[in-house]
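Asks: Kindly produce the complete structure, drawing on both the sequences and the hints.
Chain residues, written in single-letter form:
Protein chains: 4
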Amino acid sequence: MPYNLLKGKKGIIFGALDDKSIAWRTALKCHEEGAQLVLSNAPVALRMGEINKLAEAVNAPVIGADVTNMDDLKNLFEESMKHFGGGIDFILHSIGMSLNVRKGKTYTSLDYGFGQKTMDISAMSLHRILRTAWDLDAINEGGSVVALTYIAAQRVFPDYSEMADAKALLESVTRSFGYHYGLRKKVRVNSVSQSPTRTTAGSGVKGFDGFITYAEKMSPLGNASGDECGDYLVTLFSDLTKMVTMQNLFHDGGFSSTGVTEAVINQMEK
Amino acid sequence: MPYNLLKGKKGIIFGALDDKSIAWRTALKCHEEGAQLVLSNAPVALRMGEINKLAEAVNAPVIGADVTNMDDLKNLFEESMKHFGGGIDFILHSIGMSLNVRKGKTYTSLDYGFGQKTMDISAMSLHRILRTAWDLDAINEGGSVVALTYIAAQRVFPDYSEMADAKALLESVTRSFGYHYGLRKKVRVNSVSQSPTRTTAGSGVKGFDGFITYAEKMSPLGNASGDECGDYLVTLFSDLTKMVTMQNLFHDGGFSSTGVTEAVINQMEK
Amino acid sequence: MPYNLLKGKKGIIFGALDDKSIAWRTALKCHEEGAQLVLSNAPVALRMGEINKLAEAVNAPVIGADVTNMDDLKNLFEESMKHFGGGIDFILHSIGMSLNVRKGKTYTSLDYGFGQKTMDISAMSLHRILRTAWDLDAINEGGSVVALTYIAAQRVFPDYSEMADAKALLESVTRSFGYHYGLRKKVRVNSVSQSPTRTTAGSGVKGFDGFITYAEKMSPLGNASGDECGDYLVTLFSDLTKMVTMQNLFHDGGFSSTGVTEAVINQMEK
Amino acid sequence: MPYNLLKGKKGIIFGALDDKSIAWRTALKCHEEGAQLVLSNAPVALRMGEINKLAEAVNAPVIGADVTNMDDLKNLFEESMKHFGGGIDFILHSIGMSLNVRKGKTYTSLDYGFGQKTMDISAMSLHRILRTAWDLDAINEGGSVVALTYIAAQRVFPDYSEMADAKALLESVTRSFGYHYGLRKKVRVNSVSQSPTRTTAGSGVKGFDGFITYAEKMSPLGNASGDECGDYLVTLFSDLTKMVTMQNLFHDGGFSSTGVTEAVINQMEK
Chain G
10 MPYNLLKGKK GIIFGALDDK SIAWRTALKC HEEGAQLVLS NAPVALRMGE INKLAEAVNA
70 PVIGADVTNM DDLKNLFEES MKHFGGGIDF ILHSIGMSLN VRKGKTYTSL DYGFGQKTMD
130 ISAMSLHRIL RTAWDLDAIN EGGSVVALTY IAAQRVFPDY SEMADAKALL ESVTRSFGYH
190 YGLRKKVRVN SVSQSPTRTT AGSGVKGFDG FITYAEKMSP LGNASGDECG DYLVTLFSDL
250 TKMVTMQNLF HDGGFSSTGV TEAVINQMEK
Chain F
10 MPYNLLKGKK GIIFGALDDK SIAWRTALKC HEEGAQLVLS NAPVALRMGE INKLAEAVNA
70 PVIGADVTNM DDLKNLFEES MKHFGGGIDF ILHSIGMSLN VRKGKTYTSL DYGFGQKTMD
130 ISAMSLHRIL RTAWDLDAIN EGGSVVALTY IAAQRVFPDY SEMADAKALL ESVTRSFGYH
190 YGLRKKVRVN SVSQSPTRTT AGSGVKGFDG FITYAEKMSP LGNASGDECG DYLVTLFSDL
250 TKMVTMQNLF HDGGFSSTGV TEAVINQMEK
Chain P
10 MPYNLLKGKK GIIFGALDDK SIAWRTALKC HEEGAQLVLS NAPVALRMGE INKLAEAVNA
70 PVIGADVTNM DDLKNLFEES MKHFGGGIDF ILHSIGMSLN VRKGKTYTSL DYGFGQKTMD
130 ISAMSLHRIL RTAWDLDAIN EGGSVVALTY IAAQRVFPDY SEMADAKALL ESVTRSFGYH
190 YGLRKKVRVN SVSQSPTRTT AGSGVKGFDG FITYAEKMSP LGNASGDECG DYLVTLFSDL
250 TKMVTMQNLF HDGGFSSTGV TEAVINQMEK
Chain D
10 MPYNLLKGKK GIIFGALDDK SIAWRTALKC HEEGAQLVLS NAPVALRMGE INKLAEAVNA
70 PVIGADVTNM DDLKNLFEES MKHFGGGIDF ILHSIGMSLN VRKGKTYTSL DYGFGQKTMD
130 ISAMSLHRIL RTAWDLDAIN EGGSVVALTY IAAQRVFPDY SEMADAKALL ESVTRSFGYH
190 YGLRKKVRVN SVSQSPTRTT AGSGVKGFDG FITYAEKMSP LGNASGDECG DYLVTLFSDL
250 TKMVTMQNLF HDGGFSSTGV TEAVINQMEK
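Residue numbers (this note's numbering), protein chains in the order written: chain G, 10 to 279; chain F, 10 to 279; chain P, 10 to 279; chain D, 10 to 279.
Keep in mind the hints are simulated off the structure, nothing from the lab. Note that the structure is predicted; figures quoted are calculated from it, not measured. Certain hints may be false.
Intra- or inter-copy, both count: the list cannot distinguish identical chains.
List of simulated lysine-lysine pairs, BS3-like, C-alpha gap at most 27 Å [what the hints assert, rightly or not]:
hint	residue 1	residue 2
1	Lys251	Lys114
2	Lys226	Lys279
3	Lys126	Lys112
4	Lys16	Lys226
5	Lys114	Lys126
6	Lys194	Lys83
7	Lys251	Lys29
8	Lys251	Lys126
9	Lys114	Lys194
10	Lys195	Lys226
11	Lys83	Lys114
12	Lys16	Lys279
13	Lys279	Lys62
14	Lys195	Lys29
Replies: See below:
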């Protein structure tokens with residue numbers, strides 16, 4: 010490293026909150042690999058101010074956008090294209106938020122108004138981003154879009170609650186929009202299903218510690234870190250993966266294909 | 010037939026519109042198999058009046074409910090339990106509606122307000138129904154809930170548009186709520202992924218004819234009919250399938266496991 | 010019960026060893042539901058003599074067959090059709106054996122000669138059975154064939170060793186032959202992926218106790234029993250499931266769709 | 010390009026037959042990216058002599074090995090390690106052969122002796138290769154092994170016949186051995202499920218032309234080429250994908266997630 014895998018490429022990274030964020034780690038990796046970046050996050054997250062450190066490190070402007078607001082997104086894409094002097098090659102969607110989880114509403118007692126916000130912010134935001142790009146013809150031929158997701162979209166992890174449903178919706182949007190953008194401009198759209206990661210967002214989930222230990226014991230390679238996720242994303246943004254699209258790709262140390270491990274069985278026998 | 014597979018069982022059937030509806034066919038089958046029923050549909054659908062014929066045929070009350078309205082659902086469950094003199098054994102969710110599809114908005118130009126309604130009516134309605142039942146403790150131990158879905162939740166069928174995303178969300182709710190209701194009362198929650206069926210709702214979709222022909226040619230057993238779906242649902246509501254839960258079950262003549270058929274290849278070579 | 014779901018139907022059940030066998034439990038259920046049966050097992054298993062008790066209980070002849078021997082299978086089908094006075098409506102394949110597991114050869118030190126026998130007995134036997142039936146045109150229009158399998162075909166359970174590979178092969182044969190038999194005579198071919206079950210065969214596997222406890226804790230409905238599996242198989246052999254084919258159907262209390270449970274997390278925190 | 014992604018890495022490439030082979034294209038890509046290589050193929054394939062052109066181009070020795078022969082494999086690994094002066098970083102398994110397909114035996118009339126060879130050559134060979142490496146401790150910490158496969162392992166493509174079953178078995182070996190090698194040395198083992206490709210081997214399959222056209226029309230990005238597959242494999246052999254293991258990765262232009270396309274529907278309506 011670095012390999013210059015992203016030399017000359019321009020990307021927008023959504024969702025870097027602090028230096029534990031996967032989006033943050035990924036921005037650093039993309040920068041190392043030669044990409045030019047624009048960073049975006051919700052206005053409320055920007056107010057924390059942490060992102061400015063990242064902006065400096067990767068020499069990128071920060072352009073705030075509420076991903077549920079089409080005007081904000083239009084402004085973001087227009088400003089980004091102006092900054093880059095051209096179209097966009099890759100986008101990372103690392104956005105998720107559940108008011109129900111935050112406020113301790115269990116899955117069987119969801120507030121449906123909160124729930125609608127969860128879906129809009131965590132899943133339909135990908136549609137809104139892609140659709141804004143589509144309308145502006147903002148993504149270059151063969152570009153690459155990745156959304157981060159979690160295996161709760163396939164199997165129940167009870168504490169993950171409605172975020173599981175949001176991720177299932179997100180993955181479906183990935184496929185659906187991937188079809189159209191693939192036909193039109195050979196743009197790839199995939200999701201990466203990452204190991205549980207000790208981000209500031211993740212840590213808020215009840216039972217997170219027991220759970221991350223379980224995932225570690227259930228993964229032959231252990232849990233994948235945010236830095237490792239950044240490495241993987243670099244390959245998906247590069248020109249070496251131009252025919253991979255509409256896939257959900259597990260980056261999880263083997264967790265998804267492991268039924269049980271000896272480490273877990275031993276713990277069961279205690 | 011009949012086998013009395015559902016003798017003594019009480020069920021609520023959502024979504025019978027006219028005699029082509031899968032819910033309609035299923036209601037007839039459940040009645041033949043000895044079940045007592047309550048029929049429900051949206052007030053606007055009830056106004057068409059067709060459902061009264063079914064109500065007469067299966068000797069069931071019709072109780073209207075807007076599935077996005079918690080008061081309506083509470084009333085429906087309370088009235089149903091009063092009618093049955095006890096709890097509910099099974100529920101069929103056969104509900105789906107996309108304003109975007111109806112109004113000709115393509116996937117890349119969705120109206121997001123319409124989209125929110127699509128998700129609420131077609132997917133979150135299952136959560137609302139289950140949660141109403143949960144709060145009232147309305148489903149008997151070992152009860153069975155099935156939602157109808159479509160393979161567009163896994164693979165893109167472009168004309169199915171945002172309904173694909175809604176079905177993916179619906180299937181996730183099936184798993185998520187199935188976990189909780191299984192633990193609490195051994196209630197099973199599954200989805201059945203049915204062949205495309207010439208219902209009044211289905212026929213509205215653009216390109217439906219070419220598509221249903223393709224599905225027929227791609228299924229070693231041909232497309233499954235609404236009556237056949239009813240037969241299958243009877244088994245899932247019966248006591249013979251008490252350990253099947255959180256599954257998406259394909260009832261599709263083999264379509265989902267077929268990559269290509271000679272019939273399709275021959276057509277390609279024309 | 011009984012519902013006469015299999016009244017008038019004729020079936021061959023492979024693999025009843027003793028009264029803990031799933032095939033044994035299923036034979037009893039099929040008999041209760043009105044089916045006429047032929048029982049078959051390997052000559053070496055027949056010598057144990059237990060199967061005669063079952064034969065008496067379900068009023069069925071026992072016809073031995075080495076499932077790797079085409080002459081034996083031809084004889085079995087010819088004798089069965091003679092006994093039934095006609096074709097066969099359903100078949101249960103509950104056959105699996107790994108010499109490597111028995112002799113304590115780990116997955117990384119397989120004996121390849123043993124391995125070939127494992128594949129032949131546990132997986133290709135389904136092909137041989139179906140092909141014998143195909144050549145004799147022995148299965149009636151709309152008949153149903155089910156093979157028992159295990160989720161190790163999708164996810165690694167280390168002690169299950171090469172049987173995982175055998176089950177993956179078996180499930181593929183299910184799909185491949187299901188395609189052809191579906192087109193020709195609307196015969197359905199499916200696999201049922203059952204919870205770990207305390208059969209005489211299963212108990213031989215190293216670490217089986219810790220493992221079965223884990224599966225129980227990871228299944229919202231608990232592990233499915235052999236009797237419950239028999240119930241489910243009755244529905245798949247019946248006329249109510251005529252459009253289900255080429256599927257792998259989980260009968261596992263929800264295990265396959267559960268990522269983790271609170272019971273397992275609690276154990277992890279010990 | 011090149012990025013030096015494989016600088017300093019040593020790999021064995023199995024299965025380069027001629028310049029249309031995916032293994033051939035991949036060898037060129039790996040060489041460009043800085044890898045040192047050993048080429049291997051069956052003695053009968055080597056006799057064709059084509060591989061020597063590749064050997065010259067990538068400056069690699071050719072070491073023949075019958076992949077069903079443990080002595081040959083042991084020799085191959087020992088000679089490779091001697092040549093490299095150390096352990097191996099990556100392996101490509103691009104090996105498949107069906108005598109039944111070659112000799113025109115349909116799936117319902119397989120020769121079981123041929124079938125056993127198909128499984129041994131096309132699937133168990135991966136186990137034999139990994140096991141030889143395991144016994145010699147030949148793969149370096151964090152190494153990467155990829156086997157090429159095809160979506161027929163999940164869905165039936167009738168002309169692909171028993172190769173579908175072989176690929177299902179191969180993918181299972183990938184997971185099973187991946188578990189053990191992951192725990193021991195963080196070695197990753199994955200399969201890549203590639204678009205149908207006009208190789209010399211592929212072209213032999215009956216109906217290949219109609220089929221490849223269908224796949225092209227069913228893939229939003231079109232079919233992936235051998236060169237593009239080589240690019241993708243480079244990423245999987247690199248240090249950027251160290252936490253991806255036990256996965257089946259579709260490299261298919263979106264085919265696997267597409268239910269139907271307008272191009273196919275239009276053809277259906279002809």
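Asks: Evaluate each hint against the coordinates.
Replies: Hints and how they fare:
1. Lys251 x Lys114: Close neither inside one copy (42 Å) nor across copies (29 Å); limit 27 Å.
2. Lys226 x Lys279: Result: close both inside a copy and across copies, 15 Å intra and 14 Å inter.
3. Lys126 x Lys112: Cα proximity of Lys126 and Lys112: in one copy and across copies (13 Å, 24 Å).
4. Lys16 x Lys226: Close neither inside one copy (38 Å) nor across copies (33 Å); limit 27 Å.
5. Lys114 x Lys126: both (14 Å within a copy, 23 Å between copies)
6. Lys194 x Lys83: within (20 Å within a copy, 48 Å between copies)
7. Lys251 x Lys29: between (29 Å within a copy, 20 Å between copies)
8. Lys251 x Lys126: neither (33 Å within a copy, 35 Å between copies)
9. Lys114 x Lys194: between (42 Å within a copy, 21 Å between copies)
10. Lys195 x Lys226: Only across copies: Lys195 and Lys226 sit 14 Å apart there, 39 Å inside one copy, limit 27 Å.
11. Lys83 x Lys114: This pair counts as between: shortest inter-copy Cα distance 20 Å, intra-copy 34 Å.
12. Lys16 x Lys279: neither (53 Å within a copy, 46 Å between copies)
13. Lys279 x Lys62: neither (46 Å within a copy, 40 Å between copies)
14. Lys195 x Lys29: Between copies, since 24 Å is at most 27 Å while 33 Å is not.
Comparing the model with each earlier hint shows violations of hints 1, 4, 8, 12 and 13; every other hint is respected.
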